[in-house]
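Whenever a hint applies, use it, and build me the whole structure from the sequences.
Protein chains: 2
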Amino acid sequence: MKYAVGIDWGGTTISIGLVSEKGEIIKKIKHDTADFGKPNTFFKKISPLIAQVCKGKKNIMGIGVGAPGFIAPEKGYIFDLPNIAGWKKIEFSKLMEKETSHKTYIDNDVNVIALAEQSYGAGKGYDNILCLTLGTGVGGGLILNGSLYHGAGYNAGEIGHYPLKPGGALCGCGNKGCLEAYIGNSKITAYAKSKMRKEKKTLLWEMCGNDINSLTPKHVGEAAKKGDKLAVEIWDYVGKNLAVVLAGVINLLNIERIVIGGGVALAGKPLFDSIKKHTKEMALDLLYKKTSIVSAKFKEGAGIIGGASLVFNANKKK
Amino acid sequence: MKYAVGIDWGGTTISIGLVSEKGEIIKKIKHDTADFGKPNTFFKKISPLIAQVCKGKKNIMGIGVGAPGFIAPEKGYIFDLPNIAGWKKIEFSKLMEKETSHKTYIDNDVNVIALAEQSYGAGKGYDNILCLTLGTGVGGGLILNGSLYHGAGYNAGEIGHYPLKPGGALCGCGNKGCLEAYIGNSKITAYAKSKMRKEKKTLLWEMCGNDINSLTPKHVGEAAKKGDKLAVEIWDYVGKNLAVVLAGVINLLNIERIVIGGGVALAGKPLFDSIKKHTKEMALDLLYKKTSIVSAKFKEGAGIIGGASLVFNANKKK
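Just so you know, the sequences run in chain order A and B. End of the first sequence sits at 318 in my numbering; the numbers just go up one at a time, nothing left out. End of the second sequence sits at 318 in my numbering; the numbers just go up one at a time, nothing left out.
The set of hints was computed from the structure by calculation and includes no laboratory data. Every value quoted in this text rests on a predicted model; they were computed, and no experiment measured them. Be careful, since some hints might not be right.
[What the hints assert, rightly or not] Derived coverage of chain A by chain B (criterion: at least 3 residues anywhere in the stretch with Cβ under 8 Å from a Cβ of chain B; other residues may be distant):
1. 140 to 152
2. 162 to 168
3. 254 to 262
[What the hints assert, rightly or not] Calculated lysine to any residue pairs in the SDA-like style (CA-CA distance at most 20 Å, straight line):
4. A:LYS176 with B:ASP285
5. A:LYS2 with A:LYS57
6. B:LYS289 with A:PHE70
[Claimed, not checked] A few chain B residues that face chain A, going by a derived Cβ cut-off under 10 Å, partial list only:
7. LEU144
8. TYR149
9. PRO163
10. GLY167
11. LEU252
12. GLU256
13. ARG257
14. LEU284
15. LEU286
We put the CB at the ideal spot given by N, CA and C, even for glycine.
So, in structure tokens, the structure goes:
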């Protein structure tokens, strides 16, 4: 059996795992991102942890990393990790290889998740996939013609900034009307609150212990699963907004699989039913028929498995 | 010098040309599409015309065809040409090769135009291009990672059916609110007429000889070039609507070049100024900066040159 080290590098925590070629996580370590510091200490500190997860195994094919920022994967180069100080213009793979003697690959975190789903998850067997992560923001990873698509400057996938309602709600990016400004985590909460205030007969009040300020999309998800009318309507609002962009992407790219993950996607059936219904209304029949919209397979482990997939894929291509 | 035969196969006319590897049309013949008939007569009738354009030249690398319909390019197979009777499920390349002894390639007409622009036109030197054709409909051809992108079922590029205003104006496809339902040729005319009726002080009345029913987008283009306020406003309406979708595509695909052609694009500066202004407003700064929006180089010859490019490209890849 062959193995690879997958590293899920987030703004808060770093998870380091050993993954088998079958996509199973064999061993896993989690640390605070802050523990590793800037490049001058990072590689020295992470190296023994990598050795630790690999202990007792042969055939380690390399290290694959998903990182939150702007990366040139062919060169293993980090342009910038906006949320982690000290990581501008770093030859990451080269430095990691020097320290660990393992061939190293790195890509954007959202792309790595898409790769995990294609390699071992809900995208398996498909060559043209849009993988969405619904959370604080709306992230997108594209697999086209069987491979990750990066775009001209490695910045493809910014589907959260699709101009859904031009001139509308202010988005974190500074523009107005982006998809994310309607279906980002906090926007869903704000929308739900505004609806709750006008409706006393909803399970949402009970869910949040009558404290509207503690309401989260998770509460809305649970209420909808219990059939709460208002909660179902809230997910229909989210689904309809997302569907506009999905229909556009289906018509433009003729993709065959849309994989949706992230915390917000845990709302499950009420959300997915709405997404499918409205996407069907807006996409061309011929193209919608050939596209399936499904829930992501992986939750926490996606970054580790996807990181390892970077390694296994690179070895397949050789 | 190497040559290829490029065939621009339209619903009304077929143009057959000999193209040099430099992208120059050396010789050209035009016929009514109806003259060639269905597959049982088509190949016999077109073969001598192909021989005619090739006469006196050596190094003919093959034949490349752009056709209006659903095509599987790898197999040279026509699923359907909706506007030309008798062309369902035809092994086009195989039959053409049998008749002419020239290696034959075929692709969708919009894709072939995108390839012409990439090979010899306004997309030269770029690997990630959206090529738009603005006319009766809004067609799109995508070059991603240097090659034509076809999608899972060879139907990518239906950008005209992007849901611009969900639930809005009825589109020819049966859905409501598609981009095409706002900026297709006849929709621009209808919008211009509705504005003219409320405004006597516009050059548009003079342009159409005071016969509003004879108004075309060409009149609106000419009036705008002369500085007519209403005409400029009409192009701003068109540009703004198109910009929503272009900003979305830039953010999603991180393309570097948008090439816009077709009859409507002849409006020129007033239209392009509006497209650029509004796309800049809605796209992410980082991505907009790396994208240029330009006018297509080719007009009539694009289909012939693009057809020939299919041949030259296939030979490069070998």
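Problem - Contradicted hints - numbers only - result: none
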